[in-house]
Amino acid sequence: MVKLISVVAIGLGFSATTTIPAHAFSVIAPAYEGQAETQGTYNHPPVAFTGGPSETANSSGLSLSSQEIQHVKWCAQTYTSYHATDNTYQTKQGARTECRSPY
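Counting with mature numbering (1 follows the signal peptide of the UniProt record, and there is no 0), you get residues -24 to -1, 1 to 79 for the letters of the sequence shown.
Because the hints were derived from the structure by calculation, they are not lab data. All values reported here derive from a predicted model rather than from experimental measurement. One thing to keep in mind: the hints can contain errors.
[Stated by the list, open to error] Pair ranges (Cβ atoms, derived): (1) Val(-18) x Ala71: 49 to 59 Å; (2) His59 x Val(-18): 51 to 61 Å; (3) Ala60 x Ala(-16): 52 to 62 Å; (4) Thr56 x Ala(-16): 45 to 55 Å; (5) Ala(-16) x Gln66: 47 to 57 Å; (6) Ala71 x Gln46: 17 to 27 Å; (7) Asp62 x Ala(-16): 17 to 27 Å.
By construction, the Cβ of each residue, glycine as well, lies at the ideal position given by its N, Cα and C atoms.
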């Protein structure tokens, strides 16, 4: 009888935890529109994140030249392990090697 009561209690416990919404136990109050303070917030123009009006950025807002873009595309298509961040790919031996494209 004790075993049956334990099984039922465990079953009810599992079913209760799967049916109770996850937010029911949240200790953080939800933020509502207008609740946040407007003082001390900054509204950065999109140009601050696109490369902006700079001598190094081109008219499309990208910091890479068309040749650099072609180089990255060629390396990515040629080597599946290519990382554009450091311009390297992984060889069959496991070493990382600099990609040299025709561009």
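Here's how the hints hold up against the structure:
Distance hint check for Val(-18) and Ala71: the Cβ-Cβ separation is about 58 Å, which falls inside the suggested range of 49 to 59 Å. Taking 51 to 61 Å as the suggested C-beta distance range, the pair His59 and Val(-18) conforms, at roughly 54 Å. A C-beta distance of roughly 56 Å is found between Ala60 and Ala(-16), which places it inside the suggested range of 52 to 62 Å. Distance hint for Thr56 and Ala(-16): a CB-CB separation of about 53 Å, consistent with the stated range 45 to 55 Å.
The hint said 47 to 57 Å for the Cβ distance between Ala(-16) and Gln66, and at roughly 54 Å that hint holds. Range check, Ala71 to Gln46: about 25 Å between beta-carbon atoms, so the 17 to 27 Å window is met. Taking the beta carbon of each, Asp62 and Ala(-16) are about 57 Å apart, not inside 17 to 27 Å as hinted.
Consistency with the previously given hints fails for number 7 only.
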